[in-house]
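Since the structure of chain U is already known, use the hints to place chain Z on it.
Going line by line, the protein sequences match chains U and Z. Using numbering that gives the first Met the number 0, read the first sequence as starting at 0 and increasing by one per residue. Using numbering that gives the first Met the number 0, read the second sequence as starting at 0 and increasing by one per residue.
Do not rely on the hints blindly, as some may be mistaken.
As the list claims (entries may be wrong) - SDA-like, lysine to any residue: derived pairs with alpha carbons at most 25 Å apart:
#1 U:K135 / U:T83
#2 Z:K267 / Z:N175
#3 U:K257 / Z:I112
#4 U:K179 / U:T189
#5 U:K257 / Z:L127
#6 Z:K267 / Z:I193
#7 U:K449 / Z:A223
#8 U:K176 / U:N326
#9 Z:K133 / U:K176
#10 U:K297 / Z:M189
Just so you know, the hints here were simulated from the structure itself, not pulled from any lab data.
Here is how the chains run, residue by residue.
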Amino acid sequence: MRSLLQKLALGTASVALSAGMASAACEPNYEGVKLTYITQTGPYIASAIVTAAESWSAQTCGTVEVVEYPWSELYPKFVTSLTTSAANFDGMAFPPAWAPDFTSFLSEMPAAMRQGPDWEDIHPTYRDRLMVWNGKVLSQTMDGDLHALTYRIDLFEDPKEMADFKAKYGYDLAPPKDWKEYLEIAEFFTRPDDNLWGTAEAYRRGGQQFWFFFSHAASYTNHPDHPGAMFFDPDTMDAQINNPGWVRALEEYVESSKFAPPGSLNFSFGEVNAAVSGGQVAMSIGWGDTGVISADPKQSKIAGNVGSDVLPGSTDIWNATTNEWSNYDEIVRSPFMAFGGWQAAVPEFSSNKEASWHFIQHLTSPAISGKAAVTGGTGVNPYRFSHANNKELWADLFTPREAEEYLAAQVNSLDAKNVALDMRLPAYFSYTEILEIELSKALAGDVSAKEALDTVAAEWNSLTDELGRDSQLAAYRSAMGL
Amino acid sequence: MIVLAMAIFPLIYSLSISFMHYRLIPPMPPRFNGLDNYAKILGQARFWSVIYTTSVIVIFSVFLQYVIGFAVATALNAKIRGSSVFRVLLLMPMLIAPVAVALIARMILNPVIGPLDQFLTMFGFPDLPFLSNKNWAMGSLIAVEVWQWTPFVILLMLAGLQTLPRDVYEAATLENASKWRQFWDITFPMLLPISVAIIFIRIIESFKIMDTVFVMTGGGPGIATETLTLFAYQEGFKKFNLGYTSALSFLFLIFIIVIGVIFLAIVKPYVEKRS
Chain U
0 MRSLLQKLAL GTASVALSAG MASAACEPNY EGVKLTYITQ TGPYIASAIV
50 TAAESWSAQT CGTVEVVEYP WSELYPKFVT SLTTSAANFD GMAFPPAWAP
100 DFTSFLSEMP AAMRQGPDWE DIHPTYRDRL MVWNGKVLSQ TMDGDLHALT
150 YRIDLFEDPK EMADFKAKYG YDLAPPKDWK EYLEIAEFFT RPDDNLWGTA
200 EAYRRGGQQF WFFFSHAASY TNHPDHPGAM FFDPDTMDAQ INNPGWVRAL
250 EEYVESSKFA PPGSLNFSFG EVNAAVSGGQ VAMSIGWGDT GVISADPKQS
300 KIAGNVGSDV LPGSTDIWNA TTNEWSNYDE IVRSPFMAFG GWQAAVPEFS
350 SNKEASWHFI QHLTSPAISG KAAVTGGTGV NPYRFSHANN KELWADLFTP
400 REAEEYLAAQ VNSLDAKNVA LDMRLPAYFS YTEILEIELS KALAGDVSAK
450 EALDTVAAEW NSLTDELGRD SQLAAYRSAM GL
Chain Z
0 MIVLAMAIFP LIYSLSISFM HYRLIPPMPP RFNGLDNYAK ILGQARFWSV
50 IYTTSVIVIF SVFLQYVIGF AVATALNAKI RGSSVFRVLL LMPMLIAPVA
100 VALIARMILN PVIGPLDQFL TMFGFPDLPF LSNKNWAMGS LIAVEVWQWT
150 PFVILLMLAG LQTLPRDVYE AATLENASKW RQFWDITFPM LLPISVAIIF
200 IRIIESFKIM DTVFVMTGGG PGIATETLTL FAYQEGFKKF NLGYTSALSF
250 LFLIFIIVIG VIFLAIVKPY VEKRS
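The following block holds chain U by itself, in its conformation from the complex (with noise of 0.2 Å):
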């Protein structure tokens, strides 16, 4: 009897142990907590969170669940989930642009998290602008995206190549510093005959197109003196998208699709990605993804050679208060925070809303975050100062030179005084569409620049005051941080 006393202690003791030493191995411990996150198919954005969530559970016991939905069913989801109360997920990844629509479904950050060294690791760009609404932290941004250039190290200096754009056009071959550089070059480089063009943009309606026209816009609309001009007047919340700054960009984004390869008008971001790393174009703009799949020797032909920088600038910026251009000296870069990249957030009804943001945490470290940077196929862009400092980070997939423009053309964007931050409305679908049908109508020539903005100008007027003009214009205060 005592030795089965002895045993059964014994026993009891061995399993309060191992209990208590998987407790210990849970650091918070969210053993039995299952988080459910809802973000785009991947492998862009939903293969990061996944990977991240590997390690939380290690580290926590709790478990991730990611499900991810086709990128055009990805908003109808969450509107429908969010504003029907029917949803049941405990956290989502969706781009800042579509916040203004969810906002008031949406969860605080916790006050420990921003505070200590990850907090202030954050660009103040994302951290300070595209995390915030109405003052309260509503989202962690988990990728980093604006637009900048990228060309080709090995056309650009080669010295046949220089002598003979030097001869045609009388200043130096270099990546280009205003818009007028950039046709030029892209003129320079179109020859369908060795297969190769100037450049590569979006210009397909329905994909990213608008973006692209945006970061040409910003260089001549978005006014140092006059923030938050750049799409609607912040006073009246008149539209400004016909002034002729933007007339005069959307002239130059039709010029720039002839020196695209063929089919163009059909190319999405995934087309131009192709052209860039098959060596079908001598340059192209768009997000940080290009200089990751284009130095990838797996997926490129290029390798070795991607060369990274701030997008064209200008001289010239149309006032919108004084209607005239204000020119200047030096060429003003208005590096444009093109989508703004991926936020993560945790919605105000989830059970689970401390483990959630927890799990954010996590994937937005520094260590979990910067791996992600680094690795092709994520969609991960830089974000925090860590990620572009540490310079061994991204020792396997670029060479000393590519990383070094890489980073700094991401840096720089960020840190340019006049960057320009992208259009965050409610309702923000119904204003782009409108615009993405003239765009593609003005690209086809169905329509001059002019004509096509002037129509989106009117059609944009006509639904701010179906929305509400005052509660609109609140929002695009807000969005611009005024």
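The following block gives chain Z in isolation, referenced to the frame of chain U:
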């Protein structure tokens, strides 16, 4: 009664919403606005443009599906060698999901790296703008529709052909009627009822085309290839303009009913006369 209620309720609900100004994004309380949504849609050039585009796709694709399908079914019915293998192979496109067909077509039609471009380049036609020029894009969509749905016509026409009585053809042969006369005076009239049914089904189905357009052209360039369903999708699931989209759906329904009635009215005398 329950089944009827389940079938009718969504229609009534949708119809009632179509008389309201009702947006999910940004959230706005529904408000009755009478026929405003209908008037707004009918006054929009875009609506008439998508009606025109959809009608062109439907008319050309269904016509070609019927002609090619009938011809192939007749050939397969002639007991040629390996006809059973051909039957299976020819039916395969119909079994593939439209979105997959569209993805394959988009790759084939890529103007730089697509195999069709490489093939046509050998004959001196490089870089054709299959999906970026409005006329080419319409032609490409019609071609893909024909490729995918002709097997449906083949299947049903073949079934019809196999039910035709042999003795009629034997009598015609004894009368020295040519193959063409036999086809025109016997086969075609006897298959006219099933032909009308097939064309009617294909018209209705073709008006619903969306996946193919969505993947291949996105409705572009501009709105040159935007169809009724894609238009409704954009309004309903991108803008969440629910009242407007419901009105659009009902106009779509009315339009299809009108087309269907006109089609049946046109063919009815011929069916009665020739069969």
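Verification of the supplied hints:
Restraint check for U:K135 and U:T83: the C-alpha separation of about 23 Å stays at or below 25 Å, so the hint holds. For the hint pairing Z:K267 with Z:N175, the CA-to-CA distance comes to about 31 Å; that exceeds 25 Å, so the pair is violated. For the proposed pair U:K257 and Z:I112, the alpha carbon gap of about 19 Å is at most 25 Å, so the pair holds. Proximity of U:K179 to U:T189 is assessed by CA-CA distance (about 16 Å); at most 25 Å being required, the pair is judged to hold.
A C-alpha spacing of about 15 Å is found between U:K257 and Z:L127, which places the hinted pair at or below 25 Å, so the restraint holds. Between Z:K267 and Z:I193 the CA atoms are separated by roughly 13 Å; this keeps the pair inside 25 Å, and the hint holds. Between the alpha carbons of U:K449 and Z:A223 the distance comes to roughly 20 Å, so the proposed pair stays at or under 25 Å and holds. In summary, the hint linking U:K176 to U:N326 is supported, as the alpha carbons are separated by about 16 Å, within the 25 Å threshold.
For the hint pairing Z:K133 with U:K176, the CA-to-CA distance comes to about 35 Å; that exceeds 25 Å, so the pair is violated. As the CA atoms of U:K297 and Z:M189 are separated by approximately 61 Å, the hinted pair breaks the 25 Å bound.
Of the numbered hints given earlier, the model fails hints 2, 9, 10; all others are met.
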